[in-house]
Structures are given as C-alpha cells and as structure tokens.
Amino acid sequence: MMKILVAVKRVIDYNVQIRVKSDGSGVETENVKMSMNPPDENAVEEALRIKESGKAEEVIVLSIGNEKSQETIRTGLAMGADKGIFVKANDNCEPLSIAKIMKKIIEKEKPQIVLMGKQAIDDDCNQTGQMLSALVEWPQATFASKLEIKDSTLFVTREIDEGLEKIEINLPAVITCDLRLNEPRYASLPNIMKAKKKPIETLSAEDLEIDTSPRIKLIKVEEPSKRKKGIMVNNVSELVQKLKHEAKVI
Amino acid sequence: MSVLVIAEHNNTEIKSSTLSTITAASQIKKEVDVLVMGYKCEILAKEISNYENIRKVIYIDNKIYENPVAENITLAILNISSNYSYILAPANTFGKNFMPRVAAKSDVSQISDVIKIEKEDTFIRPIYAGNALATVQSIENKKIITIRPTSFEPVIKEGGKGEIEEINFEESSKLVNFINREESKSERPELGTARIVISGGRGLQSAENFKMINEIADKLNAAIGASRAAVDAGYVSNDYQVGQTGKVVVPELYIAIGISGAIQHLAGMKESKIIVAINKDEEAPIFNVADYGLQADLFEALPELSLELDKLNTINK
Ligand SMILES: Cc1cc2nc3c(=O)[nH]c(=O)nc-3n(C[C@H](O)[C@H](O)[C@H](O)COP(=O)(O)OP(=O)(O)OC[C@H]3O[C@@H](n4cnc5c(N)ncnc54)[C@H](O)[C@@H]3O)c2cc1C
Ligand SMILES: Nc1ncnc2c1ncn2[C@@H]1O[C@H](COP(=O)(O)O)[C@@H](O)[C@H]1O
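Protein chains in written order, with my numbering: chain Y, 675 to 924; chain H, 2 to 318.
Not one of these hints is a red herring.
The calculated lysine-lysine pairs, modelled on DSSO-like cross-linking and capped at a C-alpha distance of 27 Å, are: (1) Y:Lys903 - H:Lys281; (2) H:Lys106 - Y:Lys777; (3) H:Lys117 - Y:Lys894; (4) H:Lys120 - Y:Lys891; (5) H:Lys274 - Y:Lys918; (6) H:Lys175 - Y:Lys820; (7) H:Lys117 - Y:Lys891; (8) Y:Lys757 - Y:Lys824; (9) H:Lys274 - Y:Lys903; (10) Y:Lys916 - H:Lys281; (11) Y:Lys840 - H:Lys64; (12) H:Lys106 - Y:Lys782; (13) H:Lys175 - Y:Lys782; (14) H:Lys274 - Y:Lys922.
Covered stretches of chain H, as calculated for chain Y (at least 3 residues, CB under 8 Å): (15) 105-118; (16) 133-144; (17) 179-188; (18) 236-250; (19) 268-281; (20) 284-294; (21) 297-311.
Here are some chain H residues the structure puts well away from chain Y; computed CB gaps all over 12 Å: (22) Tyr40; (23) Lys41; (24) Ser86; (25) Glu121.
The set of hints was computed from the structure by calculation and includes no laboratory data.
Note that the Cβ used here is the ideal one computed from N, Cα and C, for glycine as well.
Model the full assembly from the supplied sequences, consistent with the hints where possible.
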C-alpha cells in the first residue's frame with residue numbers, strides 16, 4: 675500500500691497586509707498571523723481523500739524551516755495526516771535546498787506520491803515541486819486541478835494559460851496542486867486534540883547533509899510605488915466622458 | 002557569456018511572451034540565441050531569426066515537441082545548456098513548468114518572475130503577491146531566470162539576421178504522456194497583451210449574467226478577465242483568471258466589474274495604466290486603486306455603459 679508525502683510551508687496568512695521592514699531587509703514576520711500556505715492545504719486534503727478511498731495507508735506531512743514550522747505540521751495532522759516530519763533549517767531556504775532536503779526524506783520514507791502546493795504565497799517562486807521531480811527523476815504534474823488514480827497510473831488535469839491540459843504519469847510521481855483541486859476540510863476539535871498525540875519526527879538540514887546556504891543574495895526589499903488615489907464619478911455617462919477625453923483610453 | 006531564450010509557440014505562431022523574453026535577454030547581452038522546440042516548426046525558426054538582436058536560432062523538429070511535456074523540454078535544453086551562461090523563459094505556465102527542472106539539473110537556484118534587469122547579475126522580482134519588490138543578486142556562474150512578459154516590451158520583429166541551426170534530439174521520458182488540451186477559443190484579443198481588459202467578479206452572480214461583460218468587451222475590442230471567485234463559481238474557465246495565481250495583465254485600461262479587489266486579484270492588474278471599478282459597495286478595496294470609481298449596481302450600470310459606448314461615434318480600439 676502507498677504512502678503519501680505532503681510538503682507544507684508556514685507562511686504569512688493570506689489575509690494579512692504585509693509590511694516591508696523600514697531597513698529594507700525583508701518583510702515583517704514578528705507578531706504576524708502565520709498559516710499553512712493555501713495550496714498546501716489542497717495538497718493535504720487530496721492526500722487524505724486518496725487515503726480515504728483505500729488507495730493509500732499513510733499520509734506524512736513535512737515542513738522545513740524554523741521551530742514554528744511544527745505548528746503547520748500540527749495543522750496537517752489535525753486535518754487527518756498520520757505523522758509529521760520536521761526538518762530544522764534556516765528560514766528562507768531557496769527552493770533548490772528545499773527540494774534537496776525533500777529528496778533525502780523521499781529516500782528514507784519511500785512514498786509513492788508527493789503532493790505539494792504549486793506556489794508558496796510568500797516567495798511566489800513556483801519551483802520546488804518541479805525541482806524535486808527533476809532531482810528524484812520521477813514524473814511531475816504541476817498546477818493540478820483534478821487527479822484520478824488507476825493502478826499505478828495517475829491521470830491529471832492541469833490548469834494552463836490556454837485552458838486545461840490532461841496528462842498521464844506513472845507512479846511514483848510529484849504533483850503540485852492548484853487551489854481548485856478540492857475544498858480543504860477544517861480540522862474538528864476532536865481531531866485537533868488527537869493531533870497533539872501524533873508523532874513528529876525531527877531532523878535538521880545538517881543531519882541530512884544538505885548545504886542550504888543561499889545562492890541568491892537578497893540586496894533589498896522595498897514597497898512598490900503606490901497608485902495615486904483616483905476619483906469617484908457620479909454616473910456612467912461621466913465615466914465614459916472621462917475615459918474618452920481625460921484619460922483618452924477609449 | 003551567452004544568452005539563450007526558450008521560445009513559446011503553438012507550432013503555428015510565436016507567442017507574445019517570447020517577444021518580451023527576448024527583449025529582457027537583450028538587456029543582458031545584445032546578441033541573443035533562441036531555442037525552438039516544436040513539430041513542423043522550421044518556419045517559426047525562420048521568423049525569429051529576423052527579430053532584432055537575434056544571433057542564432059536553434060530548432061529541434063520532432064513529433065515529441067508537438068505537445069511537449071516538461072520532462073522532454075528539459076532534456077532538450079540540458080543538451081545544449083552548457084554553451085550558455087543565461088537561460089531565460091517566460092514566467093507563465095509554459096516556462097514555470099520546466100525551468101525549475103533545468104535549474105535543479107544544473108544545480109542552480111532559479112530566479113522567478115523577473116520584472117526588471119538592474120545589472121547582469123541583479124534583478125528585481127515581486128514577492129508576496131507584488132506587495133513587496135525584492136532586488137536579488139545571483140552569485141552563480143549560470144543564471145536561470147523566468148521573465149514576467151508584461152514587464153518587457155516585445156522585441157522588434159525585423160532587422161535581425163540570425164543564423165539558423167537545426168539539431169536532432171529525440172531523447173524522451175517514458176513516464177509521462179500528453180493526453181489532450183482543452184483551449185478556450187476566442188476571437189477577442191489575448192488577455193495577456195490586450196490594450197483593454199474588462200473583468201468580472203462574483204458580483205455578476207452567474208455564468209448567464211457574466212455574458213453582459215461580453216457585450217461591452219466587443220464594443221471596446223477588449224479581452225475578458227475574471228476574479229478567482231468568478232472562475233471558482235464556474236462563470237468562466239480558469240484561463241480567464243487574473244491575479245497572484247492567475248495571469249498578470251498590464252493593459253492601458255482595466256475595468257473591474259463586481260470585483261472587491263482582494264490583494265491576490267490586485268497582484269494581477271494593479272500595474273494597469275488606467276483602472277476603472279464599478280461596485281455597489283463604496284468600501285470595496287478596488288476603489289483604492291481605481292483611477293475612476295463608480296459606486297453603482299452593475300446590473301444597471303452595464304446596460305447604461307453599453308448605450309453610452311454606442312453614443313460615442315468613434316471608439317479608439
Ligand atoms: C492563495 C490565494 C490565491 C488567490 N489567487 C487569486 C487570483 O489569482 N485572482 C483572484 O481574483 N483572486 C485570487 N484569490 C482569491 C481572492 O482572495 C478573493 O477571494 C477573490 O479575488 C474575490 O473575488 P471577487 O472580488 O469576484 O469576489 P468578492 O470578494 O465576493 O467580491 C464581489 C464584489 O462584487 C460586488 N457586487 C456584488 N453585487 C454587485 C452588484 N449588483 N453591483 C455591483 N457590485 C456588486 C460586491 O460589493 C463585492 O465587492 C486567491 C486567494 C488565495 C488564498
Ligand atoms: N520550507 C518548506 N517546507 C515545506 N514545504 C515547502 C517549503 N517550501 C516550499 N515548499 C513546498 O513547495 C511548494 C512550492 O513552493 P515555491 O516553489 O517556494 O513556490 C509549496 O507550496 C510547498 O508545498
């Protein structure tokens with residue numbers, strides 16, 4: 675029976691209006707609400723559904739980062755995952771380092787399916803799944819909005835700029851999830867309690883002998899220039915006149 | 002130092018994303034090479050060789066690349082990548098799919114979604130849905146970069162005299178198969194490059210009502226976009242979505258109808274030159290970025306807008 679590994683990242687909650695630090699060194703994360711990266715919730719949900727359909731027996735959630743990443747693992751466990759793996763590493767590891775760490779975990783745990791988000795909403799990199807797939811030489815299906823497993827073949831519908839694409843890939847495989855893949859469940863109170871007793875294995879990037887030193891130097895982080903506040907018009911005809919004669923765009 | 006651009010096309014047409022990526026590449030080095038992988042694509046290679054700043058077009062013509070999967074695109078790029086210190090592709094679902102694979106196989110950290118080239122090793126990219134801009138410097142010998150197409154002008158399509166080289170390559174993965182693609186066909190301008198975009202949100206309430214947008218779009222020769230809520234609710238298909246996890250658009254005129262203006266939506270349109278918002282809620286955050294806001298019920302405003310546009314004897318399309 676199959677094992678599924680799900681990668682979950684701890685990020686600033688998507689509802690928070692972020693603040694750029696005044697010294698330009700980054701974005702304020704102290705005292706800011708943190709959550710599981712949204713498409714990673716879809717990844718956990720999909721893993722649980724595969725398990726519930728009887729096609730897998732264990733769902734492992736993995737998070738890499740500082741100590742607090744364990745909270746994100748707990749969220750995954752409360753949703754219904756069976757076990758957590760926490761890999762301690764410096765904050766802001768580049769996707770390549772995350773993929774290398776994940777490769778080590780795959781060698782240890784031997785899952786058949788790796789599910790992850792298509793994009794982390796903090797760095798907006800959209801890289802890690804593709805990198806992992808290349809490193810372990812398993813096929814990839816990115817931006818998945820529908821999955822169907824038949825024996826050891828996975829049929830995946832992918833959201834692309836032109837519409838939808840269907841591909842067929844062999845297991846084991848790496849899949850990155852779109853937000854439309856499913857509707858993630860909420861953790862129920864009893865499950866939150868149960869999750870407290872579920873095991874989290876702790877490792878570190880050093881234990882796994884992965885060098886996570888950055889290859890890309892962050893020079894500075896700035897706020898984008900703000901748009902000038904515009905005006906309110908009173909009716910449609912005024913709007914059209916302004917567009918025609920003032921903005922000259924129609 | 003040499004620069005390679007991976008061309009996006011559909012075997013009959015070069016996509017505009019390729020034109021912008023070539024411009025970005027030429028800001029790093031004046032002479033740019035382009036790789037075209039496709040099926041019966043020689044004519045596309047010829048076309049690109051005429052673009053400004055092209056030194057060489059390399060093309061691989063093989064059935065494998067008719068509808069290529071990321072694995073096979075990656076193999077073909079790796080086959081020639083040792084000749085290049087820069088590899089660039091557009092930051093859209095085409096480039097995002099394979100560039101990180103090329104990077105991982107080259108043991109290089111990728112720089113995603115670059116909007117500005119500061120220096121040959123320093124780039125600006127948006128993070129947190131564009132709510133912050135990061136200036137980053139690559140300290141590696143090889144640079145693997147995806148380019149946000151809307152941030153760079155298209156290259157001039159003439160004046161170049163690039164050489165053309167065909168190479169044979171047919172290594173492919175046995176583990177992945179393309180099945181099919183469902184593309185939304187439309188006579189309207191492409192969302193990513195249209196001069197005018199009109200987008201609808203949850204305020205439209207149904208797929209049927211969403212068609213009210215079509216009528217205005219036709220009159221303005223505009224492309225149609227949507228918020229994620231409108232796509233999730235099934236009013237239109239996913240390829241209409243504008244935002245952090247959809248498309249980025251920078252038209253001269255962006256009209257948001259019944260869209261609240263969540264940061265994830267703004268990420269995809271707030272660089273537009275002129276923004277218009279029609280929303281019945283005067284507190285809607287979309288009004289904070291709108292040049293012209295109209296607080297109104299869209300079901301009244303849209304028919305009026307249609308009539309007012311008819312009254313203009315010349316619409317500058
Ligand atoms: C990780 C992540 C990524 C996301 N990516 C994207 C993305 O790429 N693009 C995107 O758009 N969203 C994205 N979202 C979703 C985003 O947060 C919002 O939920 C979404 O943009 C809301 O869409 P909306 O404005 O159409 O709907 P709502 O927020 O429900 O707003 C509807 C608006 O319509 C107005 N309205 C209703 N009826 C009328 C009427 N009769 N006349 C006039 N006005 C009316 C209302 O006043 C309201 O302001 C993402 C969310 C997450 C978590
Ligand atoms: N530090 C991390 N810990 C666990 N998973 C991660 C981490 N960083 C990235 N991922 C996974 O990789 C996906 C894509 O991230 P990115 O390539 O950074 O956009 C995320 O949605 C996660 O599933």
